[in-house]
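**Q** Sequence order for the protein chains is A, B and C. At position 176 of the first sequence (counting the first as 1) the number is 179 in the working numbering, and the numbers step up by one without a gap. At position 162 of the second sequence (counting the first as 1) the number is 624 in the working numbering, and the numbers step up by one without a gap. At position 16 of the third sequence (counting the first as 1) the number is 44 in the working numbering, and the numbers step up by one without a gap.
Don't read these hints as lab results, they were simulated from the structure. Do not take every clue at face value.
[What the hints assert, rightly or not] Chain B is faced by these chain A residues, among others (derived, beta-carbon under 7 Å):
#1 V42
#2 R45
#3 G106
#4 F117
#5 I208
#6 A212
#7 I215
#8 F267
Note that the coordinates shown come from a computational prediction; the quantities given were computed from them, not determined experimentally. The beta-carbon is built from N, C-alpha and C at its ideal position, and this holds for glycine as well.
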Amino acid sequence: MSADGASLADFFASPTVQGALVVGSVVAVVTGIIGIFTVMRRQSFAGHALADLGAVGGSGAFLVGLSQLWGFVGAGILAALLMEAIGIRRLQGRDIATGVVFGFGMGLTALFLFWDTTIDNTSNAAVSVLFGSLFVLDPNLIPTVIVLGIVALVLLGTVYRWLLIESVDHDLAVARGVPVRVAGIVFLIALALAVELSSLTIGAILSTALLIGPASTALQITRRFGLAVALSATLGTAVTWAGCFISYESHYWAGPRGNWPVSFCIVALTFLLYLGTRIAVALRHTIRPSTGLPAAPPGLESTAGGGS
Amino acid sequence: MFAPFMTNAWIAGTIVAVIAGVIGFFVVIRGNAFLAHAVPHGAFAGAAGATLLGLNPLIGLGLFAMAGALTISVLERHARNDAITALALVTMLGLGALFVSRSTQYSAEIFALLFGQILGVSVAELVPMAILGWLCLLAIGVVYRPLLLASTLPDTAAARGINPRTMTVVFGFLLAAATTTSVPIVGALLMFALLVGPPAGASSMTRRPIIAIPLSVLFTLITMWSSIALAYTINLPIGFFVTAIGAGFYLIGRLAAWLRRRARSAPIGVRSSA
Amino acid sequence: MSDLQDASGGVLSARRIDVSFSGHRVLSQVDLTVGAHEFVGLIGANGAGKTTLLRVLLGVLKPSSGLVHRPPRGGLRGGIGYLPQKVSLDPDAPLRAWDVVALGIDGGRLGLPVRNRRFHERVDEILDAVGASAFAMQRLGDLSGGQQQRVLLAHALVSDPALLLLDEPLANLDPASARDVVELLDRLRRRTPLSIVMTAHDMNLLLPVLDRIVYLAGGRAVTGTPDEVVREDVLTQLYGRSIRVLRVEGRIIVLADEGGRLPNEEHPVATSGERS
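With the sequences and hints as input, model every part of the structure.
**A** Here it is as structure tokens:
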């Protein structure tokens with residue numbers, strides 16, 4: 004054991020780390036799976052908005068004496084339904100609707116925080132909602148997080164086949180009688196649930212990063228749904244563990260201010276992983292363009308136009 | 463509320479609202495509210511970092527706004543652009559978290575940069591703001607037609623010799639510039655709300671782009687002015703009023719659109735009796 | 029303004045075009061030249077690569093290999109007009125049909141628009157020519173698919189292009205309207221120096237006016253007059269399986285020999301019963 008670093012054994016022995024790894028893994032797996040659908044359906048904005056909107060519920064719940072968890076979850080589901088209610092099918096309209104709900108929700112957060120005179124430093128509360136920390140979470144939340152995570156996945160499981168059909172061709176799905184509206188609403192609720200519990204435990208920034216990052220990376224690598232889901236959950240978990248480790252280790256070499264925030268470490272890894280994969284994929288197609296067709300049979304030549 | 467110390471607030475608010483109204487028109491027509499959220503909030507992280515490092519926050523703000531907008535515009539591809547926006551945003555915010563952790567001091571400026579506070583603007587800050595804002599508007603005037611075409615009909619724009627991807631980068635650049643002008647004054651949340659709500663309302667209420675832009679500016683000005691007045695008299699956060707009134711304009715626009723659709727599908731008898 | 033004749037003497041030429049997406053080859057060694065006044069059809073079923081080829085010709089898609097010579101884009105005249113298959117514009121977007129056509133003239137110019145009376149007359153003129161005057165002042169997003177196509181056609185034509193690239197312009201039209209559009213295009217290209225390249229999955233509407241067909245299947249192409257190309261031996265080699273070509277009441281129907289579907293296609297090339 005050297006003086007300038009802790010061994011892996013120390014890392015895993017720390018109860019803070021253990022809690023962080025458990026919650027982080029649950030979140031990574033649940034949001035990694037839901038993230039595939041989020042990215043495919045181009046609802047990343049909604050996913051991020053819901054994470055930040057948890058703060059509305061959090062600060063509002065504090066005002067009326069509810070627990071933070073139900074404040075987050077309640078606000079998320081309410082926001083999801085609102086987005087769906089005023090939103091429109093077209094991509095542009097939906098983006099603006101999400102933005103308006105998001106803005107209004109954050110305005111409410113400003114209001115609630117203003118009224119939250121019992122919090123010493125309301126400004127700090129706002130900032131910490133955004134940034135959050137995996138190493139500073141209430142261990143009592145862990146069972147609830149796991150249960151709610153499973154609920155979110157079950158909800159997704161009831162509609163995932165419809166979502167897949169719709170993602171291939173929306174009009175075709177409608178023509179075949181797929182209840183796209185219902186499936187969309189159920190998905191949005193599952194998304195809200197997953198995102199709120201992750202936002203509450205690990206902060207809004209990390210919540211979005213684990214929702215979108217591993218999923219986008221997985222979709223760069225494969226088009227096959229099952230593989231993408233598995234890859235997304237695995238990458239998310241791997242990145243979470245690696246980020247926790249780096250953050251923990253940085254205590255020894257990051258200088259007088261202490262360790263690097265775990266949010267930053269995981270987010271940075273996620274972004275680098277995505278970039279690296281994207282570059283690798285682009286290079287692979289340049290260097291090795293594959294032939295998808297058999298060679299043209301002899302005698303069949305593409306001719307130039309007869310007129311020239 | 464028209465006391466001398468409020469004058470700067472009114473002027474600053476007006477400048478921000480005009481810029482947001484014009485750029486917001488394009489945000490809405492491109493359907494990219496996410497970009498309008500990501501650039502100000504990502505830039506906020508840069509400003510926070512600069513503040514805590516003892517630098518002028520404008521430097522961090524401008525740097526992050528530009529870097530964020532360019533990263534998103536360059537890396538985006540048709541199928542996944544909102545995912546890359548999300549990743550760029552959280553990376554910038556993550557860096558912000560890193561900066562916050564590096565300093566033991568906390569600054570109320572950070573809260574203001576996020577949720578906004580319009581009072582306490584000095585004349586010295588107003589002048590560069592006005593100049594940069596004016597340049598933004600000039601730039602929009604110059605690229606108005608290619609940007610409009612590339613935003614609405616990207617493939618036909620290519621036939622006219624316009625590269626839609628170039629226009630995307632240009633627009634990102636303009637949004638970053640507008641952000642750098644406005645966020646120090648009104649904060650990231652207000653900038654975002656002004657870019658989305660009132661312009662969306664205006665766009666729903668007219669068919670002509672050349673009318674939609676001034677109307678968007680008008681709605682945004684009304685939002686800004688009434689919010690300043692209300693925040694002053696009722697003493698609640700200005701962020702709440704801007705987002706609420708902005709949402710109100712949006713809903714009015716949706717109502718107008720719904721009524722229009724109802725009128726078009728009404729039976730002939732009803733229509734001709736009007 | 030510009031020399032529209034390249035070395036091989038055509039308005040448009042594409043040589044040995046290869047296009048691959050994510051390792052999957054979509055177009056393979058396609059050649060094509062188009063001369064002045066010519067009307068060329070890119071025929072093939074959905075998924076055969078027609079839209080991809082059109083986008084390569086337009087210049088928005090870079091081929092993995094191959095060269096394209098095309099008229100310059102964005103000039104006052106003699107450029108390219110493009111009609112996309114569909115437009116994904118928000119129905120509430122503030123943009124009238126009239127504005128779309130106006131941008132067809134000056135959309136590439138910098139600065140604020142200053143439009144004189146002659147400009148307005150030109151826009152009204154072209155909208156009338158395509159039969160879109162009745163709804164010129166409505167939002168583009170409020171129009172039906174067929175109406176939108178007329179407006180986009182006007183947008184493509186208003187700049188006096190030398191080359192018109194049209195992606196499935198007839199798909200949303202009823203047979204009478206489709207015939208009108210085909211006749212309009214034919215008239216235009218005979219009267220003025222306009223060349224037309226159009227994609228379609230049903231060649232029958234176009235047969236009377238086509239100079240040449242580029243027949244696409246699975247990314248490969250055969251070019252020639254309809255009589256040269258639409259033959260059982262040629263198409264059998266192209267598809268790599270046995271193909272029947274039936275001529276029924278003046279219409280051509282292309283079918284796989286077993287009576288089943290053609291590879292990569294959802295349905296046989298021609299449909300029956302649409303004839304007036």
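**Q** Does each hint fit the structure? Answer for all of them.
**A** Here is what the structure says about each hint:
no.	hint	in the structure
1	V42	holds, 5 Å
2	R45	holds, 5 Å
3	G106	holds, 4 Å
4	F117	holds, 5 Å
5	I208	holds, 5 Å
6	A212	holds, 4 Å
7	I215	holds, 4 Å
8	F267	holds, 4 Å
Every hint from the earlier list agrees with this structure, and none is contradicted.
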